[in-house]
Structure formats: C-alpha cells, structure tokens
Amino acid sequence: MTLFEVLVRLVLVLLCFLVLPLVIGQTEHKVMGHMQARVGPIYAGGFHGWAQLVADGVKFAQKEDVVPAGADRRVFRLAPAVALIPYMVVLIAIPLGPGDLVGRSIDAGVFFVLAVMGVGVLGSLMAGWASANKFSLLGALRTAAQLMAYELPMLLAAASVAMAAGTLSLTGILGEWQWWWLPWQAVGAVVFFTAGLAELQRPPFDMPVADSEIIFGAYTEYTGLRFALFLLAEYAGILVLCALTTVLFLGGWHGPWSGDVGWLWTLLKTGLLAFVVIWLRVSYPRLREDQLQKLAWTGLIPLALGQLVLTGIVRVATA
Amino acid sequence: MTRMSKFPGAGLAKGLAVTLRTMTKRSVTQGYPEVLPELPPRSRGVIALFEENCTVCMLCARECPDWCIYIDSHKEVVPAKEPGARDRTRNVLDRFAIDFALCMYCGICVEVCPFDALFWSPEFEYATEDIQQLTHEKDTLRAWMWTVPAPPALDERAEEPKELTMARRAADKLAKEQAQAASEASGASASEASEAPEDGTP
Amino acid sequence: MTAHGYFSTYGLVGLVLLVGAGFVAAAFSANRLLRPDAPSVEKLMTYECGVDPVGEGWAQTHIRYYIYAYLYVIFAVDAIYLFPWATVFADPGFGATTLVEMFVFVGFLAVGLLYAWRKGVLTWT
Amino acid sequence: MSALAAAADLSGSGGPGFLSPTGAEVAFVLIGLVVLGSALLVVTTKQIVHAALWLVVTLGGLAAEYLLLTAEFIAWVQVLIYIGAVVVLLLFGLMLTRAPIGRSAELDSASKWPALLVAGAAAATLLTVVVDAFHAAYLDLGETGDGSARVTGESLFRVWVLPFEVLSVLLLAALIGAIILSRSRGDDADRRR
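Top to bottom, those sequences are chains A, B, C and D.
Going by this note's numbering, the first residue of the first sequence is number 1, and it counts up by one from there.
Going by this note's numbering, the first residue of the second sequence is number 1, and it counts up by one from there.
Going by this note's numbering, the first residue of the third sequence is number 1, and it counts up by one from there.
Going by this note's numbering, the first residue of the fourth sequence is number 1, and it counts up by one from there.
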C-alpha cells in the first residue's frame with residue numbers, strides 16, 4: 001500500500017464516520033416524525049430541513065463547556081472521546097464491497113470488531129461516575145448491567161457465523177457466504193441485532209438513559225460539544241451495528257450485479273437495518289430492568305446456544 | 001395485555017404495523033406561523049375590556065382568584081342637568097390592567113362582570129420575552145375588543161334573548177305613544193276613519 | 001499473511017486511532033475558540049431537577065445485582081474459546097470429535113446456567 | 001517486556017543484533033514503559049476509580065504488546081475480556097459499593113512495604129523463569145500467523161483438549177461458587193416472604 005492509498009483510506013473512513021451517522025440521525029428525525037403523524041424538522045436548509053443536524057452541530061460547537069463543580073474534571077472531559085473513538089476504529093474493518101473495497105481486511109475481523117466495540121462502554125461508565133450526580137451514577141450502573149447481559153448473546157451469535165464460514169475475517173466470511181445462510185443463521189441474526197440494540201441503549205432497551213426516570217443517565221451533566229460527541233457515538237454505533245449485521249448475516253455486498261454495485265448493496269442493507277432501528281424506537285415502550293435481564297439470560301442466550309448447536313451440526317454434516 | 005394472542009409476537013408485529021401505517025398517512029401538523037390555526041369557537045385566548053361598559057364596580061378584581069387585575073379610578077362630579085336637581089358623581093376608569101403572567105384563564109372575571117365589559121378574545125399571539133411585558137394596560141385590552149367575535153347564533157327555535165324582548169317592547173311602546181300623539185294632533189274625523197276598518201277584525 | 005501485511009494492517013488501525021484522537025482534539029480546539037466562558041455557582045451545581053443537591057452521588061444498591069457481573073465474566077471467558085474452535089472444527093482431521101468436545105464444554109456451562117436459573121438467580125428480585 | 005530484549009540479547013549471532021532494533025522493537029520498548037508507568041500509577045494513586053482506569057491503560061498497553069508480538073488473537077482476548085469484562089466488573093463493583101470522587105485516605109495501606117517486597121519477589125521469580133526458559137529462543141516476527149485464531153484453535157483442539165475440558169469444570173465451579181457466595185443464609189426466607 002502506498003502512502004497515498006493509506007491517506008485515501010483514512011480520509012474515506014473519517015468521511016464515512018462523520019457523514020453516515022448524520023444521515024441516520026436526520027432519517028431518524030424525519031421517520032420518527034412521520035410515524036408519529038408529525039413532519040419533523042422542516043426549516044434548516046430549506047428542503048425538508050435536511051441541514052437540521054448540521055445546524056445542531058454548529059450550535060453545539062458554540063455552547064459553553066460546563067464541568068460541574070463536584071465532578072472529577074479529567075475523567076469527565078475524557079469520557080466522550082473514549083465513547084466515540086472505538087466506533088471509528090471499528091469502521092476500518094468493515095468491508096463495503098467485493099475485493100479491496102474495505103478499509104483494511106483484518107484476520108481476526110469479527111473478534112477485533114467485538115473487542116473494540118466493548119471498549120466504548122467505558123466512556124459511559126466514566127461519564128456516569130465522574131459527573132458526581134445521582135442520576136448519572138444510576139445510569140452508569142444500568143449501562144454496565146445491560147452490557148454484561150447483552151455482550152454474551154452478541155458474542156455467541158457472532159461465533160455462529162464464524163463457525164459457518166470457518167474464518168474470523170469479515171472479508172473471508174463474505175467470501176464464503178451463500179444465500180441459504182439467511183434461513184440457517186436467522187435466529188443468530190435476530191439475537192445479534194437485538195443484543196446490539198441493547199448495547200447501544202436504543203429503545204426499547206434505553207433503560208440506562210430513561211429520560212422519565214433519570215434525566216439522561218450518564219450524560220445528564222454534559223453540555224455543548226461533549227454532549228454532541230456522545231450523541232455522535234450513539235449514531236455511529238447504529239451505523240456500526242447495522243453494517244456489522246449486514247456483513248455477518250445478510251451477505252454484505254452479495255446481490256445481483258454485485259461485481260459492479262456491491263458497495264450499493266452494503267449501503268442499502270445497512271440503511272434498511274438503520275430504518276428498523278428507528279422503527280423499533282417509535283413502536284415499542286421501554287423494557288423494565290428485570291425484563292431486560294430476563295430477556296437476555298433466559299431468552300437470547302439459550303437461543304444463541306441453540307443456533308451454535310445447529311450451525312455446528314449442519315457444518316459438520318455438510319463438510 | 002389482557003388477551004394472549006395466538007402467535008407469540010403478534011402484538012409486537014401489530015405495534016410495528018401501526019407506526020408504519022401512520023408514516024404513510026399525511027401528518028396532522030399545522031404549519032403555524034405560516035398557516036394560522038382554525039381555532040374552535042369560544043377559544044379562550046385573552047381577556048378583552050369593553051371600556052365604555054365598565055363602571056369600576058371592582059367585582060372582577062375582587063373575584064379574581066390570583067389577583068391579577070389592577071384597577072384605579074377617581075370620582076367625577078356630573079353637574080345637574082336640570083336646575084334644582086342634585087349633582088351626580090360617577091366613577092372614571094384611570095387604569096385597568098391584567099397581568100397575564102399571573103392570570104390562569106379561569107374566566108371568572110368575565111362571568112361576574114354585571115355590565116358586559118369583559119370578553120373572551122381568541123387572540124393568542126401576545127407572547128413576550130419579558131415577564132414584565134405580560135401586564136397589559138387598558139388600551140391594549142380595549143384594542144383586543146376588536147378581535148372578539150360576534151356571539152354565536154342561537155338555536156333555531158330558541159327563545160329570543162331577553163335583551164331583544166325588552167328592547168322590542170320598549171320600541172313598541174314608544175311607537176304606540178307616538179302614533180297616539182299623532183292621531184290626537186290630526187283631528188277627530190281622521191281618527192274615526194282610521195278606527196272604522198278595525199271593526200271587522202277581532 | 002506475511003509479516004509485512006500483518007504490521008501494515010495494525011499500523012493502519014493505529015493510524016485510525018490517531019485520526020480519531022486528532023478529530024476529537026480538533027473539535028475541541030475549534031470549540032475553545034467559539035464558546036463563551038461564564039461560569040457561575042448555580043451553573044456549576046450538580047443537576048437535581050432544580051433543587052439543591054443532597055448528599056453525594058452514591059446510593060445504596062443491593063449487592064445481588066453483582067451476580068450478573070460474575071455470570072457475564074464466566075460466560076465471556078467461555079465464549080472466547082468458541083472463536084478459535086469455530087475456525088478449525090470443520091477442517092479435515094477435526095470434524096465430529098471436535099464438535100462433541102465443544103458440546104461437552106458448552107454443556108458444562110449450560111448446566112451452570114441451569115443451576116443459576118433453578119436457584120432463582122436469574123429472576124429479578 | 002524483557003523477554004524479547006533478553007532473547008535478542010542472548011541469541012547472539014543467531015538473529016539481528018539488539019543494537020540496531022527494528023521499528024517494532026522500539027515500539028515494544030516504548031509501550032512497555034507506558035505499561036510499567038501506568039501499572040505503578042494503579043497501585044500508587046489515592047483515587048480508587050482512577051486506579052481502575054489506569055488499569056485500563058495498563059491492560060490496553062499489554063494488548064498492544066501482544067499485537068507487536070503477532071499474537072493477534074490473544075491481544076483481542078485481552079481487550080475483550082480484561083478491558084471489556086473484568087474492568088467493567090471492577091468499575092461496576094466500585095460504583096455499587098462506594099466510589100467517592102477525590103482522594104480517599106484509607107487507600108494508603110500500612111503494609112505497603114511488605115506488599116512491595118512480595119510483588120518484587122514475584123516479579124523477579126517470573127522474570128528468572130521466563131528468561132531461563134526462553135533465553136535461546138528467537139521469535140522471528142517475519143513468519144507470522146503463530147498467534148492467529150486458527151493456529152490457536154489447532155493446537156488447542158489437537159494437543160490441549162483435556163486441559164480445555166477441565167477448564168469448563170473450573171468455570172462451572174467458579175459459577176456455582178459465585179452464586180453461593182452471593183446468597184446469604186437468610187436469603188431464601190427473604191424470597192419466600
């Protein structure tokens with residue numbers, strides 16, 4: 001790889017990281033609005049309020065940076081970066097199209113992605129603790145409890161795909177992918193996507209930021225740009241989760257004419273999943289803490305284990 | 001959930017269907033600043049003052065639950081019209097203000113006013129950036145009088161309003177008196193002629 | 001994969017990490033130039049729905065919550081072994097035996113989960 | 001850290017000399033210093049949550065060291081298990097019990113000198129053993145792939161199957177132990193009420 005190529009890839013990853021979450025966020029504004037018989041933002045930028053999030057960003061950048069007097073200043077300031085950067089690092093391993101259309105193919109792909117994504121939650125914990133606020137601390141505790149319940153089904157479901165493909169590399173998995181993996185790995189896909197939603201603290205799994213109980217959980221004390229970075233982390237998280245589900249379970253760039261427009265298939269499937277994320281948010285009420293734990297431990301984990309058994313048997317039988 | 005559905009997850013699917021269906025329909029949002037809302041009849045926007053009717057009886061200010069009506073007045077002597085009669089005094093309104101930061105829009109003042117000086121107006125665009133400016137003086141309150149709609153029409157077969165009956169009765173009486181006076185003035189022959197056709201009617 | 005490929009891969013990962021840190025740093029430098037700075041005692045007070053904060057952030061929580069944490073760590077360690085296994089179990093020379101080996105491994109842990117479930121640990125109290 | 005340095009040193013003419021280190025070796029030493037420094041901060045800081053956060057730096061640095069040694073799989077296990085699970089468990093436990101902001105006086109232990117002695121002795125023992133075991137080994141980073149998941153899996157399921165199965169029993173024992181420890185004697189009565 002030449003230096004120029006490296007630069008191009010870095011810029012592209014940064015661009016994806018900055019633009020696609022905004023697209024998802026704007027889609028959420030509009031879709032959520034219409035699903036609730038509203039219209040969503042309509043002024044900023046003229047056409048259907050397309051520039052609303054840009055305007056929000058400009059506003060956030062000009063706001064005062066308030067650090068509460070009782071807070072642990074250093075940890076408080078560092079937390080948004082810890083929450084945000086892992087999602088960006090993960091993007092480099094996700095293949096967009098066939099061949100070389102990937103930031104960089106990593107041998108331990110799935111494993112790398114899951115490990116790095118898990119670091120992001122430290123940001124929420126740090127924020128919750130450093131704020132010196134009861135709501136924030138409760139939010140951090142709930143975040144940790146939720147992570148512990150849902151990281152496991154996510155790992156197990158991802159392992160199922162790795163078993164099917166016989167490799168951990170994301171490009172390798174897509175290379176092996178066949179259409180009949182869709183029904184074969186369907187349970188795993190549902191488990192993975194659900195657990196991912198819970199890790200992102202998206203409704204209906206938004207107990208850690210339940211606004212009617214604990215204001216905004218770990219992010220209660222944040223203002224201005226730091227708050228904006230937490231929001232960006234949430235939407236980047238949606239992007240990563242949807243892209244990862246696409247690659248692992250929906251065949252990524254596979255589809256008609258995938259040789260030419262493979263990248264379009266990836267984007268399309270990712271976009272569709274992002275729509276589902278928004279759709280679920282509008283449709284379902286928040287789960288209670290006991291329901292959350294019950295769903296994970298007695299629902300998703302047994303399902304994921306069942307999927308593992310099924311994958312193993314089918315794979316050995318057809319080998 | 002009161003009733004268990006046949007398939008597990010049928011309720012979840014139903015929830016998704018509802019939101020998806022709503023998305024395809026037109027939204028109910030009103031484009032307010034551009035498109036003014038169609039307010040329902042008798043909307044309570046603001047309280048207007050018909051200053052000419054006010055007699056400074058202070059009933060509204062006294063009945064107001066949160067004391068948001070301020071009234072100042074002075075007495076004025078009206079000289080007697082006829083010689084020998086007594087001079088009369090009357091109240092002149094100096095200040096009538098309502099603090100809409102305190103007002104809770106209960107409408108008791110409108111109800112108790114015995115002279116129909118207070119009215120509900122549907123005007124609602126009087127937001128300000130300063131709470132002090134929400135105290136509106138009588139000129140503003142008088143100006144809002146122009147936005148008060150005409151009272152809604154009565155039901156088709158309803159009894160006539162008392163005011164109209166009284167006014168008509170007074171007008172009839174006046175007309176009769178005038179007619180009588182006119183007939184007395186024109187002479188006896190004319191009065192007989194006019195009385196003649198009345199015999200045939202009961 | 002050659003050593004060169006390996007190191008250039010993780011070199012790129014490290015570069016992305018740097019770019020991310022650079023992005024955050026740039027955002028905050030821009031923020032520093034644009035934002036006002038007018039702290040006041042009320043503004044820096046901990047937010048508690050408008051009333052003055054009472055006590056400190058910590059509140060008593062039942063320690064039973066902690067069992068979920070233990071469960072997670074133990075099962076995560078278990079799940080880690082699935083990944084190297086997943087890459088080899090269907091290769092020639094492994095096959096059904098390796099599958100059974102893993103089933104035994106997972107089976108032991110499933111017994112643990114069952115035990116936890118029967119003991120009522122998994123039901124919220 | 002010193003294993004590789006020692007290996008490079010003792011291997012003599014076998015491999016490249018330690019006087020002209022490669023980029024990876026330089027990075028290894030630098031990250032090693034970071035790990036050492038943050039590890040010292042873990043035990044010397046007076047703020048308990050800061051100790052846990054410095055532990056993240058230490059463990060992350062170790063993961064980077066594994067990566068430099070081409071032990072790809074172990075590196076990400078380190079991140080996933082130690083940073084993603086164990087540190088989260090630690091922080092969770094701290095926040096559940098008590099994690100004050102600011103310095104706490106009780107973190108200064110009277111037995112810190114004996115503790116230092118024990119830690120030093122343990123480190124010296126480990127160092128001696130490692131150097132003794134690998135003093136002639138030279139890890140040629142040119143032939144990578146030794147640390148990938150596939151190689152790990154092959155050796156695990158060809159050679160080390162029995163320890164692997166025993167591990168599951170160990171994990172089961174840990175699980176049951178955790179459950180029993182977390183349930184005090186009066187617990188069942190509480191539940192029935």
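Hints are computed from structural coordinates only; laboratory data are not their basis.
Each residue gets a CB set at the ideal place from its N, CA and C atoms; glycine is no exception.
Check the hints yourself; a few may be wrong.
Example chain A residues on the side facing chain B (calculated, C-beta under 10 Å, incomplete) [stated by the list, open to error]:
# : residue
1 : Val-58
2 : Ala-61
3 : Gln-62
4 : Lys-63
Here are the simulated BS3-like cross-link-like pairs (lysine-lysine), alpha carbons at most 30 Å apart as the crow flies [stated by the list, open to error]:
#  : chain 1 : residue 1 : chain 2 : residue 2
5  : A       : Lys-30    : B       : Lys-176
6  : C       : Lys-43    : A       : Lys-294
7  : B       : Lys-25    : A       : Lys-294
8  : C       : Lys-119   : A       : Lys-63
9  : B       : Lys-173   : B       : Lys-162
10 : B       : Lys-81    : B       : Lys-173
11 : D       : Lys-112   : D       : Lys-46
12 : D       : Lys-46    : C       : Lys-43
13 : C       : Lys-119   : A       : Lys-59
14 : A       : Lys-30    : A       : Lys-63
15 : B       : Lys-25    : B       : Lys-14
16 : B       : Lys-25    : A       : Lys-30
17 : B       : Lys-81    : B       : Lys-14
Computed spacing ranges between beta-carbons, pair by pair [unchecked claim]:
#  : chain 1 : residue 1 : chain 2 : residue 2 : range
18 : C       : Ala-38    : A       : Ala-186   : 35 to 43 Å
19 : C       : Val-104   : A       : Val-58    : 57 to 65 Å
20 : D       : Ala-174   : C       : Phe-103   : 19 to 27 Å
Violations among the numbered hints
Hints 1, 2, 3, 4, 5, 6, 7, 8, 13, 17, 18 not satisfied by this model.
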